[in-house]
Structure formats: structure tokens, C-alpha cells
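There are 2 protein chains.
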Amino acid sequence: MFTTFTAGDAGNWQILRMAPVTGDGLAPASHLAVAPAAALPAASAASWPLVGVASHVRYVERAEKTALVAVQAGLSRPDATLAALIPIRKSAAWWELTQEERRRIFEDKSQHIAASMKYLPAIARQLYHSRDLGQPFDFLTWFEFAPAHAQTFEDLVGMLRATEEWSYVEREVDVRVRRT
Amino acid sequence: MFTTFTAGDAGNWQILRMAPVTGDGLAPASHLAVAPAAALPAASAASWPLVGVASHVRYVERAEKTALVAVQAGLSRPDATLAALIPIRKSAAWWELTQEERRRIFEDKSQHIAASMKYLPAIARQLYHSRDLGQPFDFLTWFEFAPAHAQTFEDLVGMLRATEEWSYVEREVDVRVRRT
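If you read the protein sequences in the order shown, they are chains A and B. Numbered by the numbering used here, the letters in the first sequence go through residues 50 to 229 in order. Numbered by the numbering used here, the letters in the second sequence go through residues 50 to 229 in order.
Among the hints, erroneous ones may be present.
[Unchecked claim] Chain A side only, calculated, beta carbon under 8 Å to chain B, not exhaustive:
hint: 1; residue: 51
hint: 2; residue: 88
hint: 3; residue: 89
hint: 4; residue: 102
hint: 5; residue: 104
hint: 6; residue: 107
hint: 7; residue: 108
hint: 8; residue: 111
hint: 9; residue: 114
hint: 10; residue: 118
hint: 11; residue: 147
hint: 12; residue: 150
hint: 13; residue: 178
hint: 14; residue: 181
hint: 15; residue: 183
hint: 16; residue: 216
Keep in mind the hints are simulated off the structure, nothing from the lab. Beta carbons are placed, not taken as given, at the ideal position from N, Cα and C, and that holds for glycine.
Same shape as in the complex, but just chain A:
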């Protein structure tokens, strides 16, 4: 029920590049293994493996959920040979907000859902929650796309990083991979 992202010498994804965006980076490696896990693995000094859980939705409202379900693509499409793992941690100030305050920043001010919609279904997304697992990041965001949509993905990431929501991100690493 957990999903583990383990960097090392082998794995189903080859690491193309890995760079810190905000705060500390992660230990370099050549491959990334993405796999389900029944138990929490021990964290290493280098903060790998990263672990998350695909949980229920926290911010989308009913009409948004219906629209997202209609438009979004699933993982593991054969032509989606590129992917990005972008772990993020938000600040204490974010977590001290209440749910409705976070939702206001997430959608009313940052348009996270509405503005993301046009990038779907080219970019398949899956959010994994890590914060309550005692992990170094709050979320592991995972995106899969075909090489033809690489620029679409850059546009999506650029748009998200420019939002008010992203001003609460205090650590972010960008890991780009290709299916082996």
C-alpha cells in the first residue's frame, strides 16, 4: 500500500538528471526503482528510499473531481517513457493554516486544479502523501509523459512554481527519469 522510490544502481527508470530546486538535494544515483511496499523501509542517511501513499483527495471539490476523472490519464501508458519525481516539503506556516485557508491558497489564489487541467491528459500525475509517514518530504509528486509532451510538462511545472501555493515550498528536488 506504500509506494517506494529507491535510487541506486538498478531500477525501472534511468535517472537523466537530478537537481535541488529549493533546499538540500538528494544523493546522486543512476537509476530509480519505483515499487509498491507493504511496510515502511528504513530511511538511509541520504534520504532514500522515499516513501509515500496514494491517499484520498484533500482539496478538490465535487465538480473538480468529476472534471479531473474525465480528463486525466492513468500511469504506465506505453508511450509515456519520460517521468519526473518532484518531492516537496511545505513550511510550518502552511501546515499551521486550516483546511479552508490552504484550499483558498491552493485553488482560489493559485488555481492549482483549474490551471493544471489543460495539461491533462498529456501529463499523467500521481500524488503520494509522505508527511504523516515521518518522511523528509510532505509529498512525492510523480508525472509521466511522452517525449512529444516534454515541453508541455515544463510549462506545467513552471506554472505551478509561480503560484502563491509554491511560496510555501521550503524544499524541492527535481528528478527526471526515462523508462528502462
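Put chain B on the given structure of chain A with help from the hints.
Same frame as chain A, now just chain B:
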């Protein structure tokens, strides 16, 4: 960062009684040990230990949070020698709702926060989240109170069980303990 509730022959709380309210019960024991844990312990066949994490608030709005902080009591008050551990699991139908639909049932229809307020500070509460940890319950609710407030606690539990929110509870066990 996790909190474990382990039933066995020893522990800082003596089990006075334990009964299923909805669905399966839990294996009987004489004592309950409540302790912090850095890692997730392996679950036994009997579903003990139960593990949860004290996380950020999910439903309360700012005015409610302010009011709660002002009125609620902390854990470990010397005179709060009685406690209750009430693990609950909500149905798939609950988790398929969106955040704002859950909030509507939680507060607008069930008045979980507003109606609970008058029982505070007599009853100290702590909610532990378990669902994303792969646990058999979604939440471990923990209450501490003085013997003089035992009836107040029964009133609180009875009120919560009568709410629309509680119609989504598909498993619930009621464990009553006394500090050793």
C-alpha cells in the same frame, strides 16, 4: 513521531473493559501501553499494536481552531486517571466523498466541533490518524478525563455516535482504561 497503543500484560494503562461497537472487536488483554515510536511496528494477527500519527487538522476552520485552542485541555493531567481508546474505521463511501462534502457532514450536519465544545476542557482529546499507515482503523481517538467527569464523557460519546457522520463508521471498538 508515531504513537503506538499496544495491548498486553503490562502498560501504563489498565484495561477496564473492551467491547466492539460496530464490526470486529480486538484481542483481549489486561493492559495498554501507550508510547511514541520512531518506526512502524509490525501488525500482529490480533491487530495490536495500533499505530497512529498526531497530524494537522483536517476540518476545523480558523474561528473554530481558535476557540478549540482556547478551551481544550492537554493530555496527562494528573487528575485525568481514566481514558478511552476508540479506534474507528469509516466506510469507502466516506472516503470517496470530497473534502468539502466530508466537512459538510462533519460540521454543518453533525456539529462535531460545535457540539463537542461544551464537553471541553473536562475531556482532553487527541486524534491519531492511521488510515495512510496501512492500519486496520482510520483513526485512533483518545480521551482522558477525571472520574468526576465520567458521565460527561458518556454524554460526549453518545452525542457523537448519534450524528450523521457516525453513520459512515463501519468498525468501532471501545476500550476503557485506568492509569496504573
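Each hint tested on the structure:
no.: 1; hint: 51; verdict: holds (7 Å)
no.: 2; hint: 88; verdict: holds (7 Å)
no.: 3; hint: 89; verdict: holds (5 Å)
no.: 4; hint: 102; verdict: holds (5 Å)
no.: 5; hint: 104; verdict: holds (5 Å)
no.: 6; hint: 107; verdict: holds (6 Å)
no.: 7; hint: 108; verdict: holds (6 Å)
no.: 8; hint: 111; verdict: holds (5 Å)
no.: 9; hint: 114; verdict: holds (5 Å)
no.: 10; hint: 118; verdict: violated (11 Å)
no.: 11; hint: 147; verdict: holds (5 Å)
no.: 12; hint: 150; verdict: holds (6 Å)
no.: 13; hint: 178; verdict: holds (6 Å)
no.: 14; hint: 181; verdict: holds (5 Å)
no.: 15; hint: 183; verdict: holds (5 Å)
no.: 16; hint: 216; verdict: violated (18 Å)
The structure shown violates the earlier hints numbered 10 and 16.
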